[in-house]
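Visitor: Each chain is listed here by its residues.
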Amino acid sequence: MKEKILTNVRIIDPSQTIDEIGNIVIDEKGKIKSIGKKSGTSKSAEKIDLKGLVAIPGLVDMKAFVGEPGFEYKENFRTLSQAALAGGVTSIVTMPNTKPVIDNVSMVDFIIRRGRDKAKVNLFPCASITRQMEGNQMTEFGLLKARGIIGFSDVNKTIQNSELMSRIMNYASDIDVLIMQHAEDYELAKNSCINQGEVATRLGLQGVSDIAEKIIIERDLSLLSEFPCRYHINQISSKNSLNVIKKNKSNGIKFSTGVSINNLSLNQNDIGEFRTFLKLSPPLRNEEDRLSLIEGIKNDLINVIVSDHIPEDEESKRLPFAQAATGSIGIETLLSLSLELYHNESLPLEKIIKCLTINPAKILKIDKGSLKEGSDADICIFDLEKPWVVKAEELKSKSKNTAIENRKLQGKVKMTLLQGEVVYSN
Amino acid sequence: MATEKKVTAIKNTPKHLLGIQNLSVLEAKEILTEAKSFIKLNRGSSKKLDVLRGKTQINLFFEPSTRTQSSFDLAGKRLGADVMTMNMGNSALKKGETLIDTAMTLNAMHPDIIVIRHQDSGAPNLLSQKVNCTVINAGDGRREHPTQALLDALTIINRKGNIEGLKIAICGDILHSRVARSNIYLMNMLGAEVNVIAPKTLMPKGIDSLGVKSFTDMKKGLDGCDIVMMLRLQNERMQGSFLPSKREYYEFFGLTPEKLKFAKKDALLMHPGPMNRGVEIDTKLADDINVSLVKEQVELGVAVRMACLKLYCK
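As you go down the protein sequences, you meet chains A and B in turn. Heads up: the first sequence runs through residues 333 to 758, numbered per the working numbering. Heads up: the second sequence runs through residues -4 to 309, numbered per the working numbering.
Chain A on its own, in the form it takes in the complex (with noise of 0.2 angstroms):
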C-alpha cells in the first residue's frame, strides 16, 4: 500500500480532544502516521482532499446482530459489513444470539473464521453470559475469552436469578471479562410489547413499566458493589433508571450505560397504527424519557450510542403487533440519526462522536476508536451538512426493518477507510 494523505479535513477525535481542520497521513502499514494542522505531505504519497468534510475515528458500534449461523436469510457477514461501511462503522461487536447460540469455544473458532473470510470489518465477537441464555449456568468465560471474545451479553435476556448473577460477577471480577446485561425483570414484563402509559392504552396493548428496567439495575449495582467486575448496562431507556444510575455513580460504583440510538431519537407516539418496525426492546418510552436519555449522555451517565441493529425478514415483522418480532436495523443510519441530535441541538458534536468512538473502544478494552499515532487507519469520513432521506430498500443490510423509514435526516458518509483502505466511497 502506498502512503496516504487526506488533506484539509476537519479532524474531530475526541480521543486526543482535537477538532481542527488539517491532514491525516497514512503510512503504507495502513496505520496513522501523523494528524492535524502541520501534518506534512511527502511527494510519493498519495493525496485526497476532503475539503468541506469531517473526519473522525471509524464509529465502534457495540450491539449488532449478525445472522451467521442460522439466520442467514435475515443477514450475514458480507451483507452486515456492507451496511457497517456505508455507515461509518469499522468495528462490530456480534451478538450471540445465533442459532445454535454462540456459547461455547468451536461456535468462536467458526464465527471468527467465518468473518474473517466473509467480512471487511473488525469483528469483536460476544459470547452468551449463560448456555442457551437459558439463565441457568454460566458458559466457560476463560476458555472463551482465550478464545477471542470481547464480552458476554444474553443480548435481549436477563439473568434473572440473583444468586446466579452475583457469582456470574464474582466469577469475572478475577478474570477481567466484560458482563452486559439486558435489564428486564421478567415477571414485570411479561406478555408485554411496547411501552405502559397512553400509548399502550389506546393501542389495547400489554404495556411494561419502566420498573422492570429499574428493578434490574439496581439489583446489578447492589450485587456489583459487592463483587465488582466490568459490568455494562446494554441499553436503557428511561428516566428512571437514570435516576438509578445517577445515584450508584456519586456513590463510587464504577460501571458503564449504553443506549440506543433508537430510544434517543423516537418515542412511544411514533408506533402509530401498529408500525412493528418499532417494537423495540427496551421499550420506546415517552418523550420526557427521550430528553432524560439526552441528558444522561450530556452528564457522562450514559456512555455509548449502539446501533441495536437487529435485521429481521418480513415474515416475522408482518404480524400483529404482540407477535411481531422485536428490533430494527440501524448500523447504516447511526451516525446520521445521531447527527441529527447536533444539528436539532441536542447534543454537541463532540459528545456524539465521544459516544461513537472512543467510549465504547474503552469499555471494550480494544485499540480502536482513535486517531491517535500508530492507531489502525480506521476512519470515517462525512458531509455534516448533506441532507437526504432514508429509504429502505437503498440500505445495504439484507433485512430492510428500517425504523426511520422516509425520515429526513442530515449528515451523511462520505467515505470509510479501514486499516488505510478506502473500503467504502460514494
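In short, the hints are calculated from the structure, not lab data. Keep in mind that the hints are not guaranteed to be accurate.
[Said to hold, decoys possible] Listed below are several chain A residues computed to face chain B (Cβ distance under 10 angstroms; list not exhaustive):
(1) 402
(2) 403
(3) 462
(4) 463
(5) 470
(6) 474
(7) 492
(8) 493
(9) 495
(10) 499
(11) 506
(12) 507
(13) 553
(14) 555
(15) 559
In this text, a Cβ means the ideal position worked out from N, Cα and C, and glycines have one as well.
For chain A, the structure is supplied; the task is to place chain B on it using the hints.
Guide: Frame of chain A; chain B shown alone:
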C-alpha cells in the same frame, strides 16, 4: 489435681473431639505422637490390642463415606472395642426422628464412644450435649473434619520430619470444604504457612481472617509450597452456577505436572479422596508415587483414629 502424677493434655479437657478449633497444640501433638506408635502395629502381622476391650463404639454416619467409616471401624476393632456402624441415610431419620431423639435412644444402650458424620455443621456439638459418652466428629457439614487434618499432619511429619516452617497450599472448593477448614487450623497451629487457592466463587468470604493467604491464581498460590493439598470438587457444583464447567475448572485449577512446577521442586501432593481424575487432578500425577501421598494418607488414617479413640475414650 496435685496428687496426679502423669498429667497429659487430653485428660484436662472435655472428652469430645469436635474440631481442631477446640484443640490445644499440646493435645494435637499428643494425638500425633500416640498415632506414630500405631503405624508400626498396623504394618505388622498381629494388629490387635485390648486397650478398648469391653468398650462399645457406635459409628453414626448420616452421610455416605467409604474411607472415614472403614477407617474408624478398623481402628476401633484393632483396639479391641465392640464396634457397631449405623448408616443413617436410610434409617430413623427417614421416619422423622430428630438427631436428639436418635442420640437419646443410642445413649440408653450405654455406648462409650459415638463417632458421628453429619451433613449439618454443628451436629456433633449438639449430640455431645445430649449423651454421656465420648463424641468424635468424623466430619460435620462444611465445618470440621478433625481426624482428616490430623492424619494429613501425620503424613506430612512422616515425610518431612516436621510441619513447622513448611508452606502448605490447599486448593479447590474451599467454600464447601470441612477438610480445608480443619487443615487450616491445624497446620497454622503447628507452625506452617497456609495458602488457599480457589476460584472466587468457591472462596468463602473472610477466609483471610483464619490466618491464610488467599489466591485465585495457581501460579501465585503454589509459589514456594512444600505441600499441595487438592480438594475434591463435588460433581453437583461443577455444572451448577458456581463454575462454568469441568473443562474450565481443570484448565485453571486442575493440578497438572506443569502447574505443580510452580511449587517447590520436592513438593508433595495430597488429596483427602475420593478423587475426580481429570477435574481437580491429572490422573498420572495422582498415581505418581514420587509425588503423591494419597495412599499413605489412607494408611495413616487408621493410626490417627486409633490414637483418637484411645486418648478420648475414658
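Visitor: Does the structure break any of the earlier hints, and which numbers would those be?
Guide: The structure conflicts with hints 1, 2, 7, 13, 14, although it agrees with all the remaining ones.
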